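K.L.:
Chain by chain, the residues run as shown.
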Amino acid sequence: MWKILLERFRQKHRTVGYPRRAPVLPERFRGLPAIDDAKVGDARAAIEACPVEALATDAAGRLRLDLGRCIFCGQCERACPEGGIVFGRDHRLCARTRDELVITAAGRTRAQTLDAAARRLFGRSLKLRQVSAGGCNACEADTNVLTTVVFDLSRFGIRFTASPRHADGLLVTGPVTLNMEAALRKTYEAVPAPKIVIAVGACAISGGLFADHEETRAGLADILPVDVFIPGCPPHPVTILDGLLRALGRIE
Amino acid sequence: MSGSPLLMFEHGGLAELGRVPELAVAEFRAHVLDAVSGGARIATFFGRPAPGGAVRLLIVLSEEYTGILSAAATTVYDSYTALTPECPQAHWFEREIAEQWGVVPRGHPWLKPIRFHPSYRDGKDAWHRAEAPAAGDADFFRMEGEEIHEVAVGPVHAGIIEPGHFRFQCHGERVFHLEIALGYQHRGIERRLRGGPNARTLPYMETLAGDTSIGHALACCEALEALAGTRVPTRAHVLRGAALELERLANHVGDLGALAADIGFLPTASYCGRIRGDLLNMTAVLCGNRFGRGLVRPGGTAFDLAEEHVRDLQRRLRAAEQDTTGAAELLWQSSSVMGRFEDTGAITAETAQALGLVGPAARACGIERDVRRDFPSGIFRYAQIPVATFGSGDVFARAFVRALEIQRSIAFLKAQLDTLSPGPVLAPFGACAPNALAVALVEGWRGEICHTCLTGEDGRIDHYKVVDPSFHNWMGLAMALRGQQISDFPLCNKSFNLSYCGHDL
Ligand code: SF4
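Heads up: the protein sequence lines correspond to chains B and D, in order. Its first residue numbered 1, the first sequence is counted upward by one per residue in the working numbering. Its first residue numbered 253, the second sequence is counted upward by one per residue in the working numbering.
Because the hints were derived from the structure by calculation, they are not lab data. Quick caveat, the model's predicted, so the values are computed rather than measured. Note that beta-carbon positions come from the ideal geometry of N, C-alpha and C, so glycine has one too. Be careful, since some hints might not be right.
Restraint-style ranges between C-beta atoms, simulated for each label pair [unchecked claim]: (1) V403(D) to A59(B): 53 to 63 Å; (2) A182(B) to E602(D): 33 to 43 Å; (3) G411(D) to D90(B): 53 to 63 Å; (4) R394(D) to A34(B): 57 to 67 Å; (5) Q636(D) to K12(B): 48 to 58 Å; (6) A410(D) to F9(B): 31 to 41 Å; (7) A410(D) to L5(B): 25 to 35 Å; (8) L121(B) to G411(D): 18 to 28 Å; (9) G359(D) to R185(B): 34 to 44 Å; (10) I400(D) to D90(B): 53 to 63 Å; (11) A190(B) to P301(D): 39 to 49 Å.
Derived SDA-like pairs (lysine to any residue); straight-line CA-CA distance at most 20 Å [stated by the list, open to error]: (12) K127(B) to S588(D); (13) K3(B) to S588(D); (14) K12(B) to K364(D); (15) K364(D) to K376(D).
Covered, in the sense of this in silico footprint (three residues per stretch, anywhere, with C-beta under 8 Å from a C-beta of chain B), are these stretches of chain D [claimed, not checked]: (16) 318-327; (17) 615-627.
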């Protein structure tokens, strides 16, 4: 007993100050990218370097980067040595619509909160059921991390439940394998309305690396209506937390 | 294996495909069974299409006491006599071969799909199914009798974990048998590797099993480097080894915490949950990503460490060591913990050997099996990590072996960071040799990872086979549940902590 108390004392209080204080991110963290068309140089080279076809040019030859597909590998950044594409340190990546995830030189629109009715319902208490539908266990792991003492998710009134019937919505990871599609749909149906769906990671948003596989669907797009998109491969835990809190209107 | 026609080759090298002996099925079986009874293990065993609509089976055996690999092949059409009845290690491989190529291993005691996808060979299906199979749609083991009942869980589970389906045959609380049905995570990665290496190859590796991004990326790079004859710089070997051990640390620490959480022992659960994050953040110091994505690349590593990063890592490592030791000690000192860990989910060394278990699950049965020692590559050729074993085969042993490995990995990391010599971290990576075969073994945190890469005429990948440690170990979990209380399933499951997507690929 004493040993347990002593160890408790030694391990200290460890919950992060976020969102009151800025999150601590690794120096080499790849967050929100910025595009400068004038410095891109050879756009073809960047497009070809991308393993997931997240990059394209529009009719005027301007580069577009789809955060919903991007796995944040940084290959395009290397292919534009002049600084045409630079991954910055902003961890706030979430969006409310699929279109908002596309970045151009003009930047992007910041995600809106859920509507007032949804905020009133879920703003102070949100119970989520997580479904991994072909996820590689990285998005799952960095979602799970939110429940540790470091992030202490329940201080925001957000919790993961065991049963979909106790949930207000789903948090889905993975490209949706054919073998999980039925289970995912059933789980969604089991959640009582009104309900929300949160897609975490490139796979759940667009299929990511697996978008063109016959064994998978291309993420949630044609399967469930998505209310919040949280990009990344996997998104940093702070990015996921930001997505949840922003949607609920808990942070500006 | 003197007088054996099998092709022997060294780990880390390549073999010309043409030199792999093509044996008649009977001969193939005899030599494989002979080698396995002499102590060899099946590292990989798979089929690939052969001319005339046939299927060529290729097996790679590993002899851990000599560090030698050996290979042989045979050609089959619609069926052959299964190895499994005489060699249980082959059981899952033969189910995979049946599912992928529609070849029936005759006499296999429980021939079922493992991933539930259509056969890759037109018009051939081991079960004569007309339509694409639905996940989990197959017969399950069934016990009959008074008061016998069946419990089915999954694919969606209670926590934030991957999907799988578990069927328990119970009498009261007691489990007679657990059958595990997987395949829900099947994404078809192996087939997409053909024609590579290309921009997608490494990203695929890093998502085969996301918690083993470094392990799988390293195995792939080692196979490709063997094929291309790349000489990886020493400093890159050190950084790769450091990343591999950080991955092991993060997962082992996380597992100790999860085991504590499963029995409601919250102090260790919360400390380890936090320390695991600290360890992932150390990997992010290397490359910006907590899972090590983008770090390991053919030829070396894509990132180097500056002097201040090294000092930062040394400082963090010291803190993590202290905190982990304190958290783990609490487990062994608490009788309520030991009461739940000891004698729960035990498997014998014989069972573990027969099934060919790997990693901490095997070492917890007292089996000295560790790729870092038996088939060292990279930095492990120069710096050895003592193999950690414990003999009781139960949940305690699997937890304790992890705790020992945590200590040893930390000691290794400290020594490596202290003596890191300067130099380049990335060598040019050229073309792969044509018509060749390379096998790379890496001791991932769950155990032996085996990647086999075969090139075609053009030096591109013609066939790629991945064996995640979970492929060997899922049956170990099923065996550990025999005779247990069903309420101990979560604890037993956590003590193995196997990968669903790594198995399902
Ligand atoms: S960082 Fe994103 S956009 Fe750039 S190459 Fe990688 S996946 Fe493509």
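K.L.:
All hints, please: hold or fail.
P.N.:
Do the hints match the structure? See the list:
1. A hinted range of 53 to 63 Å holds for the C-beta pair V403(D) and A59(B), which are about 59 Å apart.
2. Judged by the Cβ atoms, the range 33 to 43 Å given for A182(B) and E602(D) holds: they are separated by roughly 40 Å.
3. Taking the beta carbon of each, G411(D) and D90(B) are about 31 Å apart, not inside 53 to 63 Å as hinted.
4. Here the CB-CB span from R394(D) to A34(B) is close to 60 Å, well matched to the stated 57 to 67 Å.
5. Checked against the hint of 48 to 58 Å, the C-beta distance between Q636(D) and K12(B) comes to roughly 35 Å, which is inconsistent with it.
6. A410(D) and F9(B) have their C-beta atoms about 33 Å apart, which keeps the hinted 31 to 41 Å range intact.
7. Between A410(D) and L5(B) the beta carbon distance is about 31 Å. The supplied range of 25 to 35 Å therefore holds.
8. Checking the proposed 18 to 28 Å range against L121(B) and G411(D) shows it holds: the Cβ atoms sit about 25 Å from each other.
9. Against the hinted window of 34 to 44 Å, the Cβ-Cβ separation of G359(D) and R185(B) comes to about 39 Å, which satisfies the hint.
10. Checked against the hint of 53 to 63 Å, the pair I400(D) and D90(B) passes, with Cβ atoms roughly 58 Å apart.
11. Checked against the given bound of 39 to 49 Å, the beta carbons of A190(B) and P301(D), roughly 42 Å apart, stay inside it.
12. For the hint linking K127(B) to S588(D), the alpha-carbon distance of about 32 Å lies beyond 20 Å, and the restraint is violated.
13. With a C-alpha separation of about 14 Å, the suggested pairing of K3(B) with S588(D) holds against the 20 Å cut-off.
14. With a C-alpha separation of about 51 Å, the suggested pairing of K12(B) with K364(D) is violated against the 20 Å cut-off.
15. As the CA atoms of K364(D) and K376(D) are separated by approximately 15 Å, the hinted pair is consistent with the 20 Å bound.
16. For the region 318-327 of chain D, the stated coverage by chain B is violated: 0 residues have a C-beta nearer than 8 Å to a C-beta of that chain, whereas at least 3 were required.
17. Residue count for the region 615-627 of chain D with a Cβ under 8 Å from a Cβ of chain B: 0. That is fewer than the three needed, and the coverage hint is violated.
Consistency with the previously given hints fails for numbers 3, 5, 12, 14, 16, 17, ordered from lowest to highest.
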